[in-house]
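Novice: Here is what each chain is made of, one letter per residue.
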Amino acid sequence: MNKKRCNTLLPLVQLLPAVAAAAAVLFALPRTVPVLAAVPERLAAVVEQPMEVSSSEAEEEALPKLPYADGVYVGSSRGYGGAVRVQVTMENGSITEVEILDASHETKQFLRRAKRLLTTVVDAQSWEVDAVSEATYTSRGILGAVQNALTGEVVNNPLPPQPKPAAPLVVEEFTAPSTYLDGIYTAEAIGFEGKITVQVTVAEDKITDITVLSAEDEEEYLSRAKRVIPAILEGQSPNVDAVSGATYSSTGILNAVKLALAKAAVAPAEETTPEQTASEEVVEEAAPSEAAEPEETPVTAPTVEVVQPEEKSTVPAWLKEIWQQLFPADAPASSEPASSEEVLPASETALPPEEAETEPETEGAAE
Amino acid sequence: MRTKKFLSLLLSAAMALSLLTATAFAAAPAEEENGFFDFLLGKKYTYLYAALTWDEYWANEKVYAAGNAAASAQLDSHEEQDLGAFDAVSRATANHGLHRGSFQSTAVIYAKDGSSYTVSHWSDDGKTIYLADGTTVGWNRGTITKADGSTVKMDHYEVLGTKYVPVRVATSDLADFCSKYTVVENGGQLVGGYSEKNLTAYTLTAAVDKNTNGLKYATKSGDGYTFSAAHTGTGSGVAEAAQKAAEGLTVNLRSGSDVGSFGEFIRVDLNGNYGELGSRMQSVVWTYYGNDSTYTHAKASYGTKFAADNWMHKSMGIQLGLSDSARCQLPEGTDGTGYWTITIRALGYADTVVKFQTTAENLAKHELASDADRAALQAVVTEAQSKAKAAYTADSYANLETELAESVELLSRETLYKATALEQVTHLTDAVQNLKAA
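Residue numbers (the working numbering), protein chains in the order written: chain A, 2 to 368; chain B, 252 to 689.
The hints are simulated quantities; they were obtained by calculation from the structure and are not laboratory data.
This one's a predicted model, so the numbers in the text were calculated from it and none came from an experiment.
Every residue gets a Cβ at the ideal spot worked out from N, C-alpha and C, and that includes glycine.
Hints may contain errors.
Just the calculated beta-carbon pair ranges, DEER-fashion [what the hints assert, rightly or not]:
1) E498(B) / V130(A): 51 to 61 Å
2) Q309(A) / N542(B): 26 to 36 Å
3) T386(B) / V130(A): 18 to 28 Å
4) G385(B) / T152(A): 47 to 57 Å
5) R392(B) / D103(A): 23 to 33 Å
6) R664(B) / P231(A): 33 to 43 Å
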């Protein structure tokens, strides 16, 4: 009797491996697909390789003779830190060797990378080849020197990156007032690296002294820039030319002096200070587009918001309950942070920002 | 009867377990944390900070060119090589804001003799560099003084990536992971920067957990690791500190000739109370919504690199830009006008999102040099040409010749950018000033 009942349960027991297998497939599927997807790319890469080799061989055979007599040529061009000098050997109308004679100004690691060009130039029989990535300036130095050696042409390679100014160059406008009020005035403006603060002394309606109180610019440029000070005192006006070669620093001093003098200005009612003039100009600049196209929608002012991650579950609630009962010590998945693409609307599947973000903390208008 | 009950119970339990397992895996993506399956496998995780390169950081962030670390030999309008994808940022300057790379980035200074120095942070007076290996070197305007007292000139520096990315790694992989990455485990010290006006150096204690904002999951892949997209979390990742929120920021969406001075085509500055956020700024994502004013349907997202796209000035704010480059190409049929968000992720902070709308006025025109700009350069060229070669040392005159040739070449260009012209005035004047009598 018991055996008979067991037999009735047998199909259910036999189902067990099938259920387990299905579970395993469900688990494995998302992990397996990327692996399978990657295979065709690898195969394609293997197939493409021989074609590249054969095409380069064909090019090599077709290279024309160069119009330079046999001999050894020396040339130079600017690299990263200075001039790079090379020696190029021509035999039977072909470049047979390129040697570096001097690259003492180059950084060793860049030079090491760029040296592969010595064979590239011979292979290509030309200096018009790609620079080595991450050693571009040294590469240009070598290639330019080869060109210079063979053609005699001077190759002007661009300079390596240089320091950036803290802000774009802006020249404050200044209109001399009818009278200055005696006193000592300070003001600041932006030079090359940051703020320059000046002190201007006015006595008996004359600018009698200008002192740079502080500046973030290099002394080398600052000292040159200070040449504007005697010019201002001599002409009794800050409307003088900036110093060439220290344009940002000298303009910073001039702007600061203009702002200080604006404080000293005793202006008739109809006159405006430079600051007022400037702000009016901004308004006037903004107005024409609205005047020309009054029906246009106004531009939205920028806002700043702070993202507050929401509680988000990646596991169904019923499963979470079982989970918590089975493994009370383990934190439930709902406490996991939501992924950034879910909170931030970076894709179409993302939540609208209203659901993910709080009200603006701060609001600021574009200048 | 007892056997039947036992078998029924066994069958039910087995089926429930199978169903639970299958559902748990169907519900959670492969890379997500799954406590149930981790429990079954006995898998445990360790949370820590790791230094990632730009490429590693952005690879799974769903941004344009994710996974691309290619450099570009092309120069931008500012003559800098910032047009690659997520390769290292390289700079040759010795004086302009060099120390800012140490706040949240892995910054390495290379010297002329081939030696290199991975910076941790700087002394308050800016004269000592504390290195990542615990040693120090002296610094004075591009001259490095080594421990033995010898000096060497700086050649250039590179900014490789973000130095404190919160990461979850399988504990079984921890030893291998630590051998491949620079890490700070919980309880360790996070340090960076150089206090200067609004910017503040910091020393904090690491405390990463599963709720830390910006957490990435490391997954072993062959001999290396891949990193998931960062997760938005409520934790600060810093011991005894709640997550902070940016307050008091003002937004300056630049326009007209104020855009493009560093080669960017769009620029947003954050001023006001920006100092600490700038000091802690780790990553910046720009998302473009075209004409979707609801900020719902993104057209593209762009990852960025410090010193190429992102910067913070000691007094002039957080300065963010996007350049037409391998890591940023606008979608076809768009011109950059419309609605954008910028998301700033910073150490210990909740994400800060700036929303703004651009018009044509906000896109860089890359202003050409005026007649006055050209005249200024021509004036220095004339002065340089008046110098007699025989009167000066060969080296100093060779430098002048190089700069002079460059200047003449620039003046012959039909297309000359204002910034380029003004910069060359500085270079040539410098060469004239540095002529040494023979």
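Novice: Which of the listed hints are not met by the structure?
Specialist: Per hint list: single violation, 3.
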